[in-house]
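Chemist: Residues per chain are reported as follows:
2 protein chains.
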Amino acid sequence: MKTTAKPAVVLLSGGLDSATVLAIAKSEGYACYAMSFDYGQRHRWELECAGRIVASLGAAGHHMARIDLRAFGRSALTADIEVPKSRTLDEMSREIPITYVPARNTIFLAFALAWAEVLNANDIFIGVNAIDYSGYPDCRPEFIKAFEHLANLATQAGVEGRTHVQIHAPLLPMSKGQIIRRGLQLGVDYSLTSSCYDPSLTGEACGECDSCLLRTKGFAENGVPDPIRYGCSGMTSG
Amino acid sequence: MKTTAKPAVVLLSGGLDSATVLAIAKSEGYACYAMSFDYGQRHRWELECAGRIVASLGAAGHHMARIDLRAFGRSALTADIEVPKSRTLDEMSREIPITYVPARNTIFLAFALAWAEVLNANDIFIGVNAIDYSGYPDCRPEFIKAFEHLANLATQAGVEGRTHVQIHAPLLPMSKGQIIRRGLQLGVDYSLTSSCYDPSLTGEACGECDSCLLRTKGFAENGVPDPIRYGCSGMTSG
Numbered sequence: 252m253k254t255t256a257k258p259a260v261v262l263l264s265g266g267l268d269s270a271t272v273l274a275i276a277k278s279e280g281y282a283c284y285a286m287s288f289d290y291g292q293r294h295r296w297e298l299e300c301a302g303r304i305v306a307s308l309g310a311a312g313h314h315m316a317r318i319d320l321r322a323f324g325r326s327a328l329t330a331d332i333e334v335p336k337s338r339t340l341d342e343m344s345r346e347i348p349i350t351y352v353p354a355r356n357t358i359f360l361a362f363a364l365a366w367a368e369v370l371n372a373n374d375i376f377i378g379v380n381a382i383d384y385s386g387y388p389d390c391r392p393e394f395i396k397a398f399e400h401l402a403n404l405a406t407q408a409g410v411e412g413r414t415h416v417q418i419h420a421p422l423l424p425m426s427k428g429q430i431i432r433r434g435l436q437l438g439v440d441y442s443l444t445s446s447c448y449d450p451s452l453t454g455e456a457c458g459e460c461d462s463c464l465l466r467t468k469g470f471a472e473n474g475v476p477d478p479i480r481y482g483c484s485g486m487t488s489g
Numbered sequence: 252m253k254t255t256a257k258p259a260v261v262l263l264s265g266g267l268d269s270a271t272v273l274a275i276a277k278s279e280g281y282a283c284y285a286m287s288f289d290y291g292q293r294h295r296w297e298l299e300c301a302g303r304i305v306a307s308l309g310a311a312g313h314h315m316a317r318i319d320l321r322a323f324g325r326s327a328l329t330a331d332i333e334v335p336k337s338r339t340l341d342e343m344s345r346e347i348p349i350t351y352v353p354a355r356n357t358i359f360l361a362f363a364l365a366w367a368e369v370l371n372a373n374d375i376f377i378g379v380n381a382i383d384y385s386g387y388p389d390c391r392p393e394f395i396k397a398f399e400h401l402a403n404l405a406t407q408a409g410v411e412g413r414t415h416v417q418i419h420a421p422l423l424p425m426s427k428g429q430i431i432r433r434g435l436q437l438g439v440d441y442s443l444t445s446s447c448y449d450p451s452l453t454g455e456a457c458g459e460c461d462s463c464l465l466r467t468k469g470f471a472e473n474g475v476p477d478p479i480r481y482g483c484s485g486m487t488s489g
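First to last, the protein sequences are chains A and B. Under this note's numbering, the first residue of the first sequence carries the number 252, and numbering increases by one thereafter. Under this note's numbering, the first residue of the second sequence carries the number 252, and numbering increases by one thereafter.
Treat the hints with care, since some could be wrong.
[What the hints assert, rightly or not] Some chain A residues judged to face chain B by a derived CB distance under 8 Å, without partners named: (1) A311; (2) H314; (3) L320; (4) A397; (5) H400.
In case anyone wonders, no lab produced these hints; they're calculated from the structure. Bear in mind that the values here come from a model prediction, so they are computed numbers and not experimental data. For every residue, glycine included, the Cβ atom is placed at its ideal position computed from N, Cα and C.
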């Protein structure tokens with residue numbers, strides 16, 4: 252007997268983590284509805300990547316939401332503020348960096364919840380992780396748990412007790428090396444992904460921002476080369 | 252000694268409730284940053300009203316965020332679905348109506364949180380109420396409480412233990428009549444507000460949707476006339 256795949260909304264930035272999450276959700280049998288955000292980010296290249304990842308891995312749908320987080324600013328990703336470079340892992344762990352975008356994951360998950368409700372999907376996937384990460388408050392397990400609680404109060408299905416919305420964050424306990432290993436097993440083509448906070452207009456990664464350094468470390472841990480292009484100049488330093 | 256007013260973000264739809272909330276927040280001494288959403292709503296007239304309310308009551312700032320909730324549909328406010336008319340209060344209380352917009356208040360509060368963080372504001376005001384209301388899940392006290400919990404995990408200030416974000420919903424325990432009484436005491440000009448889910452293009456209220464019926468009841472309870480214009484035809488029925 253043929254069963255219909257359960258729908259899930261998968262947040263897809265175009266980065267290494269969310270591409271891996273899409274592959275994981277698919278491997279678990281979900282019909283994946285990928286959701287990306289054009290929010291005024293400096294690293295718009297990742298949106299190109301999101302489209303290519305969907306084309307490569309496949310998805311039941313892909314929605315690009317346009318919102319303007321530049322209006323609020325105060326992040327190196329959405330305002331004219333220099334992206335920090337060449338920080339050590341120890342420096343990264345010490346404070347919330349200027350690349351943090353205020354309430355970004357809350358906004359992304361809120362939109363995902365709206366789409367999930369319309370799709371009758373009870374499952375939302377997000378690629379946050381709390382080990383090799385930039386120290387953002389909205390990447391921590393307690394944040395994800397709080398959003399799941401909220402989601403079940405916010406929606407029609409929750410009120411009627413029909414369903415339970417679950418926020419899946421399968422990368423939470425994984426190191427960057429472990430994430431890449433899992434993705435490679437699942438056939439993720441990492442040449443299609445972009446992690447850099449400050450890429451060139453044609454997508455060369457800077458190799459020096461927190462995100463590039465964590466990515467480089469992850470590939471090194473696996474003893475495999477990173478298939479993306481690194482250039483000498485990001486948009487900031489350029 | 253002159254003290255600087257504490258900043259607060261106030262969600263302002265242009266309706267009766269949120270106009271009253273703006274007046275309440277101002278009366279409590281906050282420097283109010285009003286936030287409205289052009290989300291593809293059928294009743295766009297309320298956005299005109301939001302601007303007029305800000306001009307009348309005054310605010311430290313007014314931000315209009317543009318987001319597209321039509322992309323998800325499934326609500327009579329954002330899709331081509333007829334707005335229910337002439338329902339009794341008993342009928343309204345029985346089920347979540349088709350005017351419910353999936354995850355709308357979650358999205359609105361998420362944006363308010365982003366702006367609050369940038370403004371260094373610890374206070375967010377929202378005009379939900381749970382007595383004379385349309386039965387939306389995201390208007391209930393438990394939803395507001397869950398969002399407040401989330402907000403304090405989602406943001407930089409929360410992580411660093413510097414502040415505590417508070418979601419104020421001063422109308423929660425009030426009937427529509429009580430809300431209007433409070434607003435009149437505070438000098439709210441209700442002729443500038445719009446409540447109708449299905450107004451004409453020039454702002455005449457239909458007088459028959461749930462929101463019009465609750466509003467009419469509230470003015471009747473106060474024995475004062477409702478100063479807005481009611482017409483015979485809404486956009487749906489016209």
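Chemist: Which hint numbers doesn't this structure obey?
Modeler: Structure breaks hint 1 only.
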